[in-house]
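> Listed here are the chains, written in short residue letters.
Number of protein chains: 2
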Amino acid sequence: MVSPIDLAKRVVLGRPFRSDRLGDTLLPKRLALPIFASDPLSSVAYATQEILLILTLGGLAYLHLTPWVAGAVVVLLAVVVLSYRQVVLAYPSGGGSYEVASKNLGRLPGLVVAAALLVDYVMTVAVSVAAGVDNIISAVPELNPFRVAINIGFIVFLTAMNLRGVRESGRTFAIPTYAFVFGILLTIVVGLGQAMWGDAPVAESAHYDIRPEQAGLSTAALAFLVLRAFSSGCTALTGAEAISNGVPAFRKPKARNAARTMAAMGVISITMFAGVTALAIITHVRVTENTCDLVGFVGDCDADPQRTVIAQITAAVFGGDSIVFYYMMVTTALILVLAANTAYNGFPLLSSILAQHRYMPRQLHTRGDRLAFSNGILLLAVVAGVLIYAFDGSATRLIQLYIVGVFTSFTLCQAGMVQHWNRELAATTAAAERRRIHRARLINAFGAVFTGVVLVVVMVTKFTHGAYLVVVAIPVLVIVMYLVHRHYMAVRAELRPDDSGFMLPARVHAVVLVSGWHKATQRAIGFARATHPDSLTAITVNVDDADTRELAREWEHAEVAIPLKVIESPYREITRPVLDYIKRLRTAHPRDVVSVYIPEYVVGRWWENLLHNQSSLRLKARLLFEPAVMVTSVPWQLRSTRHRDHARIEHTPGDIRRGITKTLDSRRS
Amino acid sequence: MVSPIDLAKRVVLGRPFRSDRLGDTLLPKRLALPIFASDPLSSVAYATQEILLILTLGGLAYLHLTPWVAGAVVVLLAVVVLSYRQVVLAYPSGGGSYEVASKNLGRLPGLVVAAALLVDYVMTVAVSVAAGVDNIISAVPELNPFRVAINIGFIVFLTAMNLRGVRESGRTFAIPTYAFVFGILLTIVVGLGQAMWGDAPVAESAHYDIRPEQAGLSTAALAFLVLRAFSSGCTALTGAEAISNGVPAFRKPKARNAARTMAAMGVISITMFAGVTALAIITHVRVTENTCDLVGFVGDCDADPQRTVIAQITAAVFGGDSIVFYYMMVTTALILVLAANTAYNGFPLLSSILAQHRYMPRQLHTRGDRLAFSNGILLLAVVAGVLIYAFDGSATRLIQLYIVGVFTSFTLCQAGMVQHWNRELAATTAAAERRRIHRARLINAFGAVFTGVVLVVVMVTKFTHGAYLVVVAIPVLVIVMYLVHRHYMAVRAELRPDDSGFMLPARVHAVVLVSGWHKATQRAIGFARATHPDSLTAITVNVDDADTRELAREWEHAEVAIPLKVIESPYREITRPVLDYIKRLRTAHPRDVVSVYIPEYVVGRWWENLLHNQSSLRLKARLLFEPAVMVTSVPWQLRSTRHRDHARIEHTPGDIRRGITKTLDSRRS
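Here the protein sequences come in this chain order: P and C. Under our numbering, the first sequence is numbered contiguously, ending at residue 673. Under our numbering, the second sequence is numbered contiguously, ending at residue 673.
Chain P extracted, bound-state conformation (with noise of 0.2 angstroms):
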């Protein structure tokens, strides 16, 4: 018979993998760019809409300055991929981020880089769901009041894919990817296209105005809305760095073929970026933070969604009720969810990693059945889910905290990759090898500095607007991993072996606990006897005195050869009592052992246990305190138990019950 909890399980996971099945296989360029460049080339889904998001509360005449905004972020987009190109190379193990701070600046800028990717990661996932659900609602709005459900759904279903351990064939993630890539880019042709003609495009929302009119700003506020529009616009940069640990993962050369694949994935991302966002002007795209504020939105504002510039665009061009339109809101929200998949890949690792090097809790380095990193895959999803659930499934509300994680880990990064340089400059004397160097270094110290001042723009603009909760978060998470392995440390250095030995004790003092006179303390005397202790003694608590009196009678009709000891309790105490006994025969025998023998019914019901063993837990997590003090439990299986409980075990179930029928029976005769 298989338990419920088991059954359940087989049905999620399917059947266990063997260790030995763990094995990888080398992608070629085609099918790692996908796999790697999912969550990069998705994030041109939303980046564009934060932009205009927030140009729009400034007011819409403001909207003229966004090719600057995105002008801006491509820059920065081309510097951090040619800064991560130099990573790939200098570092084809594939530790990335983490790696290179650790080693280059030491253990407190790679714990906060670590911090940062974990946050990164939670971030990637709320964000890329809560933006799918987005596009699935823009193709069927009927959709909306169910957004929060839709979102956990998809976290539920990413999580099981996980912990089953699929290993996505590059297929799974190849056809969506390139079928979105291959959308954005027929779109953008045809609409650049429609525009040079004369017909430009113009999208549903073109006409609407803004509610209130908003006075013209001041040159302070104007410059904060751009750098907070711009600090929005950063989301295209997500997941650049997702090659960097992959590199073990391609084909040989390695190194090479990586860094190809990370030029191919910045040529089409700043192509899509750039293209999307030069149509979302040609057709006036009008987005706000609530339906409500737009003036001329036809509709219930609570109950109608607002559409994705995506969808908007999309409908623009090819219209709304096309089987395009469709194939983009399919292919936008199916690469959406392989982004936050990416996710469910880094975040067990980067934390097994963390486990390994006592930065984290045993348990997320250990594989599950389906060889996952079970325990991180299901920390991610929780926490992910719960993100997504306090802010109601809204990706522009989640977006404000997703950045900060990103830009510290770019910054230390190439931090630390100029840290590097510096070391194998002063490694190296050849002349064309120093002029490389002297490059790299150029690239990496200008991909420091440029991700810093945007780390600072992005800190500063979005504080107030969510981005306070990872600024806390960051420097929590490496204090409790610092703590983790400050304690698994002082464990290690408390517990070297020594030379004193194996500490063998003089002599074994056994004290049996007796609560009554029946088949469980005869069974515990009998096993403490064949353990011959030096000394043995019968203890029992006075708790009323009706029952020690009756209790005693017994034992003296039963000709027990061990003394009873019974051992006051005014207070109706049960551990402490038992407890002042075992200290007081430690004192009277320092260099002794204590043997504790407790009797224990084994229920085969779980309520069964409300009416059992109250005391005898506590007392037995009260004396593993007790140095010296063994304590062994006894256990009594009550019938029932006994039949269920073999059925669930064992293997070849015939067979061992065969055995311990016979031991019950030669024990009885």
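Straight-line Cα separation of at most 25 angstroms, DMTMM-like style, residue types lysine to aspartate or glutamate; simulated pairs:
1) P:K569 <-> P:D584
2) P:K624 <-> P:E604
3) P:K569 <-> P:E558
4) C:K523 <-> P:D596
5) P:K523 <-> C:D596
6) P:K569 <-> P:E554
7) C:K107 <-> C:E428
8) C:K523 <-> P:D502
9) P:K523 <-> C:D502
10) P:K258 <-> P:E437
11) P:K523 <-> P:E558
12) C:K624 <-> P:E604
13) P:K569 <-> P:D538
14) P:K523 <-> P:E560
15) C:K523 <-> P:E498
16) P:K569 <-> C:D502
17) C:K523 <-> C:D538
18) C:K258 <-> C:E428
19) P:K569 <-> P:D551
20) P:K107 <-> P:E428
21) C:K569 <-> C:D596
22) C:K569 <-> P:D502
23) C:K569 <-> C:D584
24) P:K523 <-> C:E498
25) C:K523 <-> C:E563
26) P:K624 <-> P:E572
27) C:K256 <-> C:E437
28) C:K523 <-> C:E560
29) P:K624 <-> C:E604
30) P:K258 <-> P:E103
Worth flagging that the hints you see were computed from the coordinates, not collected in a lab.
Given the coordinates of chain P, assemble chain C onto it according to the supplied hints.
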């Protein structure tokens, strides 16, 4: 150092009491009356109101039936009081209805009475507190929004007081009870006087009409309405049996004094109930379930609560801002809270008796630090609190659940008394004595039939209004009690010591579980060795090849004299491979016992538990299911723990810590 939990416990509960402090003070009649009768006397505060409420459902025209319904309730009250006088005289041991039904009718009726009483006690708390709060809100309507919170607050207060084991000095009870009785009688006398002098008091709601005005009722509907009003009026009888449970607390002659107190209670109850009902008719009080149904009501019917009948009558007689009005509201609220308190005595006591008879979990039988049955008190508080929360603290809605339990125990108790007299009759020959018994039997038989009929009426008329919950709850409780009993009896039978002796196993095979090479492992091996087992093996589970190789290397290097067996675990499990190994060992040596030693870390901070012992806990739980296996925890106290814990447990920390330090030192040297 005291742990925060212990500290909080001491603040709330005070210092623990020694068992020998348990003892009883005997009560004179004038103190026994308020202590045992606060519940039935307080019912006057809501019984009339419930009759009016139901009749008003038919329309104001039917209020003229009030005297007839109230008259029927008075007759019933008289019958019940007379019947219970017999119980008091025949069963002076104070077992009450449960004892009478168990002894005379058998186990099942006894359990039904027990279940009904338990339900009844819970309802007493819920209804009395809710009605008390109603009166507070009648005096200070601004408190209406906090109704549920005030209710819960009273329950918390009562619970804390009872956990402290405050033995109410009779005076605590006597003053509010007599003050309430005095107030009610004063109101009745003054009010009736005013009416006789032609200056009849008029209630504030007298001019209200009821919306919608009902059309005339059919005869059947009218009969049902009257019966339902009667059922509601029967709330006046709740708690009437309390004195029969308290006989042992009376001064001698106990039974006679108790019977007299019972009679006094009956007379006072009937007088008050009749008087209040008369005044309600005279003053034309109008009450409805929903204030908004009152035509002519001025104010916000959601915010301004309807005032209780007691409040309206008192206000009509003495004026709404007179001192007497506030006096009445305070004493009414107080006596209702005291009524709730009687359930705090009854419920834990009955649970404890049931636990002693093994019908409820044993924990309900043990007395807490302050000699109160703490677990029973907490159970009662939680269930009553949940009910109040679920019913929004509405006394009217809670009352629907109240009467079924009361009349179930009435009926079965009276039936039991009939059986009792039958037996007495069979054993008696003296003619005078036989005549007395005949008369007593007649009274109880009449009581049984009358209360039985009322029980049916209550069930039928209130079934859909909530009584079905109780009709379900009582059998469920009975079944649970039966199952608990069967379990305890099965365990007792199974554990009965027999002559097969102490099941001394032939040999002991010690198995030490090893997860790494460190001091905890060394200590476990040392302790295991100290018990001189017949065989000693160390086993480790190979989850990670590299780790296992490292362990084997260290093992060899340390020249441990014990063989290390490596168990393969292709699916990376710990529990199952170890279990399989133990099972094989047992099958090979069926007459022997296996002793499993598990090194465990004991940590000082709760979160550190997350970092250790996960797999050993699971393994221990599973090993307990194996017959003839002992599980020994060999704790390793991490340094931080040791200091903290000793400080916490010791009475004289200095001495014993010195002792322990010596132990550790001597072992190290």
